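J.: Here is what each chain is made of, one letter per residue.
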Amino acid sequence: MNLRQTLLTFLENNLFLKNGTCPICGKVLFVTDRFLCHQCEDDLPIINNPTCVRCGRPIFRDHRDVCNPCAKLNLPFAAGYAHLNYEDAGKKIVHAIKFKDRPYLGIWVGTQMGAAIAQCQWIDEVDLIIPVPLHPNRQSERGYNQSEKIAQGIHEGLAQKISPAPELTTKILLRSRDTPHQIGQGREERLRNLTGAFNVETAAAIQNKTILLVDDVLTTGATLAETSATLLEAGAAQVCIATLCAVTE
Amino acid sequence: MKRPLLWGFVTLCLGIVAVYYRFPVWALLGFVALLIGMPFFLRGIKITQTVFVLGLFGLGAFLGYGVFSDTDVLENLYQKDVSLIGVVTDYPIRTENRLTINLTAKELVATTDENNRHEGVTGIRATIYYPADEDTTAEQEVSKNDEKQQLDLAPGDVLLLQGQLSQPAGKRNPGGFDYQLYLKSLSIDGLLTIEPENIEKIGQETTLYYQILGIKRALENQSDASFSADVSDLLKGVVFGEKNINEDLAKRFQDAGVTHVLSVSGLHVGYVFLVLSFLLMAIKINKRYWVLFLAPALLFYVAITGFAAPVIRASIMLLCLTWGQGLHRERDALNQLCLAGLVILGIWPAQLFQAGFQLSMGAVLGIILFYGPLLYAYEKRRNKKRVHHKSKPGPMVQGLVLTFCATVGTLPILLYHFNSFTLMSFFSNLLVVPLIGVFLLAGIGFLGIVSIVPFLAPILSVPVTFLGESIIVVLDGINDLGAAANILGINRGGLSLAETGLFLLLVFLISGYFYLRQPYVRNTVMSLALGLLLVVLATPLIPRNLVVTVLDVGQGDSILIETPGGLTYLVDGGGYLFERSNRVSDQVLYPALHSKNIHELDAIFLTHNHVDHSQGVEELIFDGYPVKNLFMSVQTNNEKLLNQQLVPVSLLKKGSVIEGSDGVTITVYNPDGRIIAKEDEQQNNASLVMTISYRNINLLLCGDIEAEVEKQLAAEMQVLSAARDFQIIKIPHHGSKTSSTQEFIQAIDPETAVISVGANNSFNHPSDEVMDRLDEEAITALRTDQKGAVEIISNGEYIDIKNYVN
Ligand SMILES: [Zn+2]
Ligand SMILES: [Zn+2]
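Going down the list, the protein sequences come from chains A and B. If you're matching positions, the first sequence starts at 30 in the numbering used here and goes up one per residue. If you're matching positions, the second sequence starts at 317 in the numbering used here and goes up one per residue.
One thing to keep in mind: the hints can contain errors.
Taking CB as the label site, the calculated pair distances span [to be verified]:
#	chain 1	residue 1	chain 2	residue 2	range
1	B	834	A	203	46 to 52 Å
2	A	171	B	820	35 to 41 Å
3	A	171	B	389	34 to 40 Å
4	B	522	A	171	43 to 49 Å
5	A	171	B	326	41 to 47 Å
6	B	615	A	165	50 to 56 Å
7	A	101	B	590	44 to 50 Å
8	B	612	A	192	36 to 42 Å
In case anyone wonders, no lab produced these hints; they're calculated from the structure. Just so it is clear, the structure is predicted and the values come from calculations on it, not from any experiment. Note that beta-carbon positions come from the ideal geometry of N, C-alpha and C, so glycine has one too.
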């Protein structure tokens, strides 16, 4: 097993590069250690509008604190952070992490997110970082859980700024039902599909804890809401969320 | 260090190049020192990586010495009768009256001297020439059939051969093809010419590879039996990369600029890969294990196509891709390309200089570097004003961008090797590449099914025939269109360093590789581009030298003159005394003109009307090559050229002067008198004798004059030589003993004599007497049969002489 790991690391460094090309524009990256080319990193659609205090989604009319979905559905998040707008470049990054075998890109953006989250006030309350889990079938098909990679990055990013950084755990929350892809479904349908999809393995570990839940994209919030509900039911004190990309309300 | 494979590949190439061009030792050591010093100057370079890169440089040099060693191990055996036992490595190729067999021999022995031998594995290309069948009597027919029966050779056959060993010709002329280097890339060291009776099959070796070739041959025979000659050749070319296909078909692909689809390339491997993936998907194999199925299948395909470099390259890259997908790691195409390059050069270092290898690597590199960025730039531009309904580039745009990128990667290589490029290839690629893909898949399907259920062949062959015929029709259509719009063709020599730099800079610029928002990057790029542009524009304005190139046209004469002011003259065009299938203009003249970037001749001089001087001239003129003037001797009897309306003719005689504004003067000294068509037998003495003078430099061109005319001219030349020194003479009549009299040579008193002569010609030119005479007068003799083309370069004061062999 160790030999296998060594071999894999060797291959990652010398044959399959972690950052061979820019995932957004496709340019070959020759010397840089970063994962995006200069231009694309400059142009990243980082969210800097006023954001929803609950989920981190950008809000355009700034006389409100809470975005439409959060307000309407009373989503159960205590606080939230979203890194990028889910448009051209953001979409390309998520696509690369999810479907193009680029786990390290997830970790890398995660680190950037971690550095940003370290500035948020609510981060001091967070005890645990938990990524939204994938069903084992889906995970073996994809090879890794993209949310877990992003969470790993967030953890590393936080560890550089604050100590002790909240702990990262993937053992507590599991996905028990393989839900179909959510594309092309209405919100109601999604929620119905998701109900009871998650369960908490060791409830004792999260009693009265504040949890940072990590996912790749925040669209309707259905997945995150269901996951949070599961965690809260199991005894968590509150749930904050961090997503790589968020769709504008 | 990022991508040690890339740097390793670069240094391996450098190692081979350094040996090939015989770089001095200090340069090699300096480079090694630079590599060793790298970790101290640049951070992030590990010692192991330096060792790896250094090791590959050493390996490159080592491999280079293996192939391009100083001493040719076969040296002592050339031009001798040798006997050898060899194993046939591929199916022999039969053309009209000859049979070409590639084999490997373990030992070569000179027939006459048993001690003169070479041990060690040697690649040999043997050619058997059958006597031309002019009067085929029944008896001969029978015996010939017998021979053919006996010589139905297959890979693995062990043969006992006896014949004359010779050295393959290197690059002999500007723009010429280096046959020796080409054969080296196929691991062939020597050529053997054998008589039909000196070949005997004495055994049989069986290896897996030979069996695979047997399967291929069986499939090819099936294809021959099911389709018309053209479609069968197309199928064989496309599926197996068979080179033994009719030239006319190959020419049509070449004209359309899509040769690459006919010789198996990465494209074909891609399609085969598609089929295999589809099969693996259908039987639900986990992607993790795909590589275990793909590796043997692709290896089989590599073997069946005869280990062609592009097929190996594509297979390695695709295997890495699937392996990466199995491990869920993103591939890095550049790394994979370098890995493939390392493997190929590790096996055949001489491939580095081959057009096929370079084009294959160049095309892929172009796609890797520019496809993504250009497509992204296009997408961004198109969607600039749209907020919703952003459009994605369609297949048409993708195809265009892909072709553009492949073209960018191959253009400099195409120009360097072939001196020509057609913009039609853009268009034809878009049309032909998808068609070929469908045809390839149909062909593989057909051969696969028919080899299991043979009786389906007649039915299944119908759609494949239809597809094949359509491709040929499309191709002909493209070529007709291309002929109508022949401005789309570019004929020119290789790009200069500055031109290549500017070209690459521009492509990198439009693909957005430079971070222009940073002022210093912007300034550097701008000034670099301006500097290169200036160099490119200013190069033609720099005063040039007078360049006189005595081309190697075999037995015959052809001399190309480029004056400092940019005027171009051709004196004679060479020609073959015995009719050959290939024309001297295609073999020598056009490549030389293209490689020297000459698009038009200011004048052609035909010294006299003998075929070894006139054939090439006639070919150029009647091809419609742009020529401003045709100058002939007043005593010429070439009716064809006198009566043509394509180029104005002037007849020259003693006293005629052609003077350019740049100071190069051509003066005629022979013949004298009125216009009269002399008979063929008297044509030699009707030759134009001309001096070329540029400042202090004087050259004398003598045509084929003989002793009689030499005697007439001697006194005059003596005076001339006293007034202004002659440095170089083109010896009259290829060094025949009936010319170059001592009196004449002494009168001219040159330092160097150039003799334009064919190797082993039937006239025994140049004669020993003439060579002795030159030796006595201490005149350096340069023979085109030994030196290849001889290039005389002068600024009017000094002369520099360059020759093309070594
Ligand atoms: Zn980029
Ligand atoms: Zn919200």
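J.: None of the hints should be skipped; say for each whether it holds.
T.: The hints, checked one at a time:
1. For the pair residue 834/B and residue 203/A, the beta carbons lie near 48 Å from each other, so the given range of 46 to 52 Å is met.
2. Separated by about 39 Å at the C-beta atoms, residue 171/A and residue 820/B satisfy the suggested range of 35 to 41 Å.
3. Separated by about 57 Å at the C-beta atoms, residue 171/A and residue 389/B break the suggested range of 34 to 40 Å.
4. At about 47 Å, the CB distance of residue 522/B to residue 171/A agrees with the hint of 43 to 49 Å.
5. A C-beta distance of roughly 36 Å is found between residue 171/A and residue 326/B, which places it outside the suggested range of 41 to 47 Å.
6. Between residue 615/B and residue 165/A the beta carbon distance is about 35 Å. The supplied range of 50 to 56 Å is therefore violated.
7. Checked against the hint of 44 to 50 Å, the C-beta distance between residue 101/A and residue 590/B comes to roughly 48 Å, which is consistent with it.
8. The supplied range of 36 to 42 Å is broken by residue 612/B and residue 192/A, whose beta-carbon atoms lie about 53 Å from each other.
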